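Visitor: Now for the letters of each chain:
2 protein chains.
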Amino acid sequence: METIIGTIAGILTSISMLPQLIKVLKEKEVENISHGTIIVLICGVALWVVYGVLKNEWPIILSNGFSVLVNVTLHVYYHVYKKN
Amino acid sequence: METIIGTIAGILTSISMLPQLIKVLKEKEVENISHGTIIVLICGVALWVVYGVLKNEWPIILSNGFSVLVNVTLHVYYHVYKKN
Numbered sequence: 017m018e019t020i021i022g023t024i025a026g027i028l029t030s031i032s033m034l035p036q037l038i039k040v041l042k043e044k045e046v047e048n049i050s051h052g053t054i055i056v057l058i059c060g061v062a063l064w065v066v067y068g069v070l071k072n073e074w075p076i077i078l079s080n081g082f083s084v085l086v087n088v089t090l091h092v093y094y095h096v097y098k099k100n
Numbered sequence: 017m018e019t020i021i022g023t024i025a026g027i028l029t030s031i032s033m034l035p036q037l038i039k040v041l042k043e044k045e046v047e048n049i050s051h052g053t054i055i056v057l058i059c060g061v062a063l064w065v066v067y068g069v070l071k072n073e074w075p076i077i078l079s080n081g082f083s084v085l086v087n088v089t090l091h092v093y094y095h096v097y098k099k100n
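Those sequence lines, one after another, are chains D and S. If you read the first sequence in our numbering, its first letter stands for residue 17, the second for the next number, and so on. If you read the second sequence in our numbering, its first letter stands for residue 17, the second for the next number, and so on.
Calculated directly from the structure, the hints in this document are not laboratory data. Source: prediction; values computed, not measured. Please note that a few of the clues may not be correct.
One copy or two, either will do: identical chains are not told apart, so a pair holds if it fits within one copy or between any two.
No farther apart than 27 Å at their CA atoms in a straight line, the calculated lysine-lysine pairs in the DSS-like style are these [stated by the list, open to error]: (1) K42 with K71; (2) K98 with K39; (3) K99 with K39; (4) K42 with K98; (5) K39 with K71; (6) K44 with K98; (7) K98 with K71; (8) K71 with K44.
Input sequences plus hints: build the corresponding full structure.
Guide: And the structure:
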């Protein structure tokens, strides 16, 4: 039971920034999005990957590795579409 | 070592939406923010709280409980400031 709930929770938090990335790619506007949130999130999920590697836990590595990819991509497009 | 990295990672991912909430409260604009991201995130971190309760793990309960608070507040202000 805990494993099922933990797995669903992990999947949801891992994919949570995907709708934000899709919205940015569609609308090409990022003015209301917090740059700080993206940076803190990239650092956090990257450290979770390190933690997963040290503990040799593949679910942690894979789910947070996916989050790193999504958030680094979001970061790139943040700067592409940011108006000065 | 793993514990230190896991703790820092947990703190960073837990506080990551705080800059976004502060930006929304300051600028009162949410047009570029994904509603789907907020909803998926609330469901995900709420399930992590349930997982923490089932496993009796206080760090998981506290960090994700904090995230629930931040994201529910963000969700309320999303609808307050959303223009139709």
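Visitor: Against each hint, give a clear statement of whether it holds in the structure.
Guide: Here is how each hint holds up against the structure:
no.	hint	in the structure
1	K42 with K71	neither (38 Å within a copy, 40 Å between copies)
2	K98 with K39	both (14 Å within a copy, 15 Å between copies)
3	K99 with K39	both (17 Å within a copy, 17 Å between copies)
4	K42 with K98	both (14 Å within a copy, 19 Å between copies)
5	K39 with K71	neither (35 Å within a copy, 36 Å between copies)
6	K44 with K98	both (9 Å within a copy, 18 Å between copies)
7	K98 with K71	neither (38 Å within a copy, 43 Å between copies)
8	K71 with K44	neither (39 Å within a copy, 42 Å between copies)
Consistency note: the structure conflicts with the earlier hints numbered 1, 5, 7 and 8.
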